[in-house]
Amino acid sequence: MSSMNNYILIFLISLFLSCSKNNYIPIKEVPEIEFSTIDTSTQTDLSFINTANNQNVSILNSLEETGFHFYNSIKFKTEDIGILAGGTGLRARITKNGGANWKEYSFSKFANAFHSVSFSGNTIFIVGESNYIFRSNDFGGSWSVYNAENLFEEGNSFGQFKFYKIHFFNEKSGFIVGEHNTIPLILKTNDGGEQWEIIDTNEALKNSGAITDFAIHSSEKITIVTSFGECYTTNDGGKTWKLLLKTKPLNSIAFKNSNEGYVGGINGKLHYTDDGGENWRIIEVPENPNITDIEFIKNKALITTSISFSKNRAVFMYEIDKNGKNIHPFLTKTDENILFMGDSYAIDVFENNIYILDRNNLYKTTNEYFYK
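Residue numbers for the sequence shown follow numbering that gives the first Met the number 0, so the first one is 0 and each next one is one higher.
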């Protein structure tokens with residue numbers, strides 16, 4: 000082979016590597032991903048009456064054994080198309096008929112879990128305890144991954160990645176938060192998740208814990224919470240940060256607008272602000288649980304809570320009145336056939352429906368109660 004041909008071959012190989020380095024790769028080309036599927040999981044028709052508001056509640060997905068099989072994130076694209084993500088083994092379940100049937104996917108043979116799922120347009124993104132960002136453009140028909148290690152300089156990419164949340168502000172702008180080797184990490188996309196970049200927070204957040212959740216106000220303004228109990232906000236895409244709150248470890252946040260918001264964490268501490276975080280008021284939550292998710296709906300807020308190793312909690316979800324004045328149960332029952340494990344993880348409010356994810360069951364109810 001001539002020298003010219005050698006140069007051309009080397010150039011083409013280098014070009015391929017440079018192009019693939021920061022692009023998505025089909026999972027079949029990634030040896031460490033152990034991919035498997037279960038064709039369908041059919042859910043029996045089961046429902047009960049929510050005695051807190053007399054609304055009907057359907058169970059769309061149920062797990063009998065939850066020790067090593069659970070879901071902790073949920074997102075619905077339409078009333079028919081929804082996805083659960085969790086663990087162990089980087090698991091996901093997708094329904095295309097409103098929960099009547101589910102297809103399960105697993106991407107790992109280890110005990111690592113997914114922590115968050117989101118949509119950008121019709122594209123699914125899932126992140127968790129992996130250096131890969133998982134993507135499907137066809138609702139689970141095919142999968143590809145983006146290797147976050149490639150965003151780091153050579154020699155600094157190895158170690159443990161934990162991505163805790165992914166959210167999109169619109170179809171183009173989105174963020175992923177978590178940690179890399181216990182150092183806070185934020186990734187941002189401006190093209191719908193095709194490419195990701197690291198937001199440099201080393202100086203501002205160098206003494207902070209993992210970023211566990213965030214609220215998006217605009218493509219440049221986000222507010223984050225950390226495992227060290229901090230709440231920070233940035234107005235310039237992460238160039239500068241302002242500390243709003245320092246308390247016990249936090250793992251959930253929601254803002255209705257630029258002023259009104261909640262942050263929640265361990266020991267039942269729920270903090271409310273109506274002035275953009277300048278001042279906070281503590282709301283005590285019964286049983287002092289871990290506050291796992293917060294969602295605004297109309298002028299009220301819903302929270303899910305978790306107590307590890309709980310067996311049958313009477314209440315795990317609460318409703319908070321306007322301005323954070325009163326808290327009371329949102330989901331209760333008298334049906335002894337329904338088990339509230341109370342190790343609950345997520346809420347998804349979509350159009351006329353509220354989806355509630357406990358460790359063992361996915362519940363669906365209407366939001367008509369809020370508009371009476």
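In short, the hints are calculated from the structure, not lab data.
There may be inaccurate statements among the hints.
[Said to hold, decoys possible] Pairs of lysine-lysine residues, derived as DSS-like cross-links and limited to a Cα-Cα distance of at most 25 angstroms, are as follows:
id	residue 1	residue 2
1	255	321
2	310	324
3	321	297
4	324	297
5	247	268
6	238	268
7	95	76
8	187	205
9	205	247
10	187	268
11	297	310
12	245	268
13	205	255
14	27	108
15	108	76
16	310	332
17	324	255
[What the hints assert, rightly or not] Simulated DEER-style distance windows between Cβ atoms:
id	residue 1	residue 2	range
18	25	327	45 to 53 angstroms
19	202	331	26 to 34 angstroms
20	286	67	44 to 52 angstroms
21	189	76	19 to 27 angstroms
22	108	327	14 to 22 angstroms
23	241	48	27 to 35 angstroms
24	242	79	36 to 44 angstroms
25	331	65	33 to 41 angstroms
26	27	191	17 to 25 angstroms
27	325	171	20 to 28 angstroms
28	336	79	22 to 30 angstroms
29	257	325	37 to 45 angstroms
All C-beta atoms, glycine included, are put in the ideal place defined by N, C-alpha and C.
Hint-by-hint comparison with the structure:
1. 255 <-> 321: Holds, because 11 angstroms separates the two Cα atoms, which is no more than 25 angstroms.
2. 310 <-> 324: violated, 30 angstroms
3. 321 <-> 297: Cα-Cα ~9 angstroms, so holds.
4. 324 <-> 297: This hinted pair holds, its Cα atoms lying about 15 angstroms apart.
5. 247 <-> 268: holds, 8 angstroms
6. 238 <-> 268: violated, 29 angstroms
7. 95 <-> 76: Roughly 10 angstroms between the alpha carbons, so the hint for residue 95 and residue 76 holds.
8. 187 <-> 205: holds, 19 angstroms
9. 205 <-> 247: holds, 18 angstroms
10. 187 <-> 268: violated, 29 angstroms
11. 297 <-> 310: violated, 32 angstroms
12. 245 <-> 268: Status holds; Cα separation ~12 angstroms.
13. 205 <-> 255: Violated. Residue 205 to residue 255 sits at ~29 angstroms, over the 25 angstroms cutoff.
14. 27 <-> 108: holds, 15 angstroms
15. 108 <-> 76: violated, 28 angstroms
16. 310 <-> 332: holds, 15 angstroms
17. 324 <-> 255: holds, 16 angstroms
18. 25 <-> 327: 45 to 53 angstroms: holds, 49 angstroms
19. 202 <-> 331: 26 to 34 angstroms: Hint violated: Cβ distance 48 angstroms, outside 26 to 34 angstroms.
20. 286 <-> 67: 44 to 52 angstroms: violated, 26 angstroms
21. 189 <-> 76: 19 to 27 angstroms: holds, 22 angstroms
22. 108 <-> 327: 14 to 22 angstroms: violated, 44 angstroms
23. 241 <-> 48: 27 to 35 angstroms: Distance hint for residue 241, residue 48 is violated at roughly 46 angstroms.
24. 242 <-> 79: 36 to 44 angstroms: holds, 43 angstroms
25. 331 <-> 65: 33 to 41 angstroms: Cβ of residue 331 to Cβ of residue 65: about 21 angstroms, so the range 33 to 41 angstroms is violated.
26. 27 <-> 191: 17 to 25 angstroms: With a Cβ separation near 23 angstroms, residue 27 and residue 191 satisfy 17 to 25 angstroms, so the hint holds.
27. 325 <-> 171: 20 to 28 angstroms: violated, 39 angstroms
28. 336 <-> 79: 22 to 30 angstroms: Since the Cβ atoms of residue 336 and residue 79 sit about 27 angstroms apart, the hinted range of 22 to 30 angstroms holds.
29. 257 <-> 325: 37 to 45 angstroms: violated, 24 angstroms
Violated hints, in rising order: 2, 6, 10, 11, 13, 15, 19, 20, 22, 23, 25, 27 and 29; the structure is consistent with all others.
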